[in-house]
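K.L.:
Single-letter residue listing:
There are 2 protein chains.
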Amino acid sequence: MLTSNEFKRIKKLHQKKHRILQQLFIAEGVKVVEEFIAEGLKPRYILADQSYDGKVSASVERISSKQLEQLSAFKKSPGLLAVFEMPIEKKLNYSRWIVALDAINDPGNLGTIIRTCDWFGIDQILCSLDTVDCYNPKVVQASMGSLARVQCHYADLAHELKGADQAVFAADLKGERFDEVEWPETGILLMGSESHGLSSELNSNIDRYVHIPKSKNAKAESLNVGVAAAILLSALQN
Amino acid sequence: MLTSNEFKRIKKLHQKKHRILQQLFIAEGVKVVEEFIAEGLKPRYILADQSYDGKVSASVERISSKQLEQLSAFKKSPGLLAVFEMPIEKKLNYSRWIVALDAINDPGNLGTIIRTCDWFGIDQILCSLDTVDCYNPKVVQASMGSLARVQCHYADLAHELKGADQAVFAADLKGERFDEVEWPETGILLMGSESHGLSSELNSNIDRYVHIPKSKNAKAESLNVGVAAAILLSALQN
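Chains A and B, in that order, give the protein sequences. Numbering of the first sequence is given in the numbering used here, commencing with residue 98 and proceeding in unit increments. Numbering of the second sequence is given in the numbering used here, commencing with residue 98 and proceeding in unit increments.
Hint data in this document are derived by calculation from the structure and do not stem from the laboratory. Accuracy of the hints is not assured; some may be wrong.
Because identical chains share one entry, a pair is satisfied inside a single copy or across any pair of copies.
Derived DSS-like pairs: lysine-lysine, alpha-carbon spacing no greater than 30 Å straight-line [unchecked claim]:
1) LYS259 <-> LYS173
2) LYS163 <-> LYS271
3) LYS235 <-> LYS113
4) LYS108 <-> LYS173
5) LYS311 <-> LYS187
6) LYS128 <-> LYS108
7) LYS259 <-> LYS139
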């Protein structure tokens, strides 16, 4: 039985501060929970209400639907909620491609980028300190389990990029066409926020700017950052 | 002053049935509302609470923050909400590229696809009858105003594709590599849902299957459908 103290501690995991303090995070839904378990992450709790018919490969503790709703980050809980221990962070390996994100604050966008990186074999994301926390329940959800394989490393981006000896390719409308770039074997792909662009303090760290040309006469102002990242990641694979 | 009957009628626009009956839809946020007005859509109401400082180029009616919250589709209202008349649908023009969507039910995904189409100059989307309604407030929001320029046409997909004399390219893991395809000047790009794939009844209408190869050893199961559509749309432009 989940004690009321445990319940309260889990509920606090919706806040980044408490995730850091407890070194725990919430994942919801069978597919996501299954993937984390398969990748060796340690579940502290696996909780479900009576409606859940038990497909996950670990023992499930039953709680009331009302409790589950209170713990869920979603209007409608996916029916299964687990609390995992945060994996230990490995150091960034600059001998492989890294995606760097500057001030990406939409959880769905970060989740999508994590998932896309996983597809294209990139397992390291360098995030600015004002990028949304990768253990935010909505990021975890949108990443569809890929967060189990892709590590997000939070750091002062300008400082970190200065120290890196890989070429930094930044997505920016002023850049060259992405499909005319000869992408190197390794490097850093830097994406900024759709609304504010890249922080100016990063300028001195950028080696090349690349852009995704829009169609003649198109009036759209920008692409979604998850979409732009995907198009570029697809190109640098080929 | 908004009458209580008007308030009720607007609130009903969260339901597709009532959007169709009233031929009206809700758009929220300054940017989206501005774009619709700029593209010539007719606003029936433009509503904001006292906190809104009036940047939109049309006269705004003030309502209480509580009323605005009740009308908004979001946990936190973007502060401005407009009701627009649905534009009159034009017939599909098969002499240009068309994106066809089979059972895409996530509003964020449809919105992102609309926005990406707009960027790449595609202004027609053919949606299966079980694809989420493009006037769903969350689709409108995610499309960032691009819905003003990209038309979604809902129809029986199998029937519609049978009648089309353009080549149908379907995204499917069993297809050829998308980057080895010679894309024609016009055609139809068909995307299915991430979880269920393409409906089997569409098989006989498909001319070619294309896929986005994943990296060796990558364990991700699928790409987000908005991301996959974007990668393919980017390729067929070049």
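K.L.:
Next, verify each hint and record whether it holds.
P.N.:
Structure-based check of each hint:
{"no.": "1", "hint": "LYS259 <-> LYS173", "in the structure": "neither (44 Å within a copy, 38 Å between copies)"}
{"no.": "2", "hint": "LYS163 <-> LYS271", "in the structure": "neither (51 Å within a copy, 43 Å between copies)"}
{"no.": "3", "hint": "LYS235 <-> LYS113", "in the structure": "both (12 Å within a copy, 26 Å between copies)"}
{"no.": "4", "hint": "LYS108 <-> LYS173", "in the structure": "both (16 Å within a copy, 21 Å between copies)"}
{"no.": "5", "hint": "LYS311 <-> LYS187", "in the structure": "between (38 Å within a copy, 24 Å between copies)"}
{"no.": "6", "hint": "LYS128 <-> LYS108", "in the structure": "within (21 Å within a copy, 35 Å between copies)"}
{"no.": "7", "hint": "LYS259 <-> LYS139", "in the structure": "neither (35 Å within a copy, 51 Å between copies)"}
The structure is inconsistent with the numbered hints 1, 2, 7, although it conforms to all the rest.
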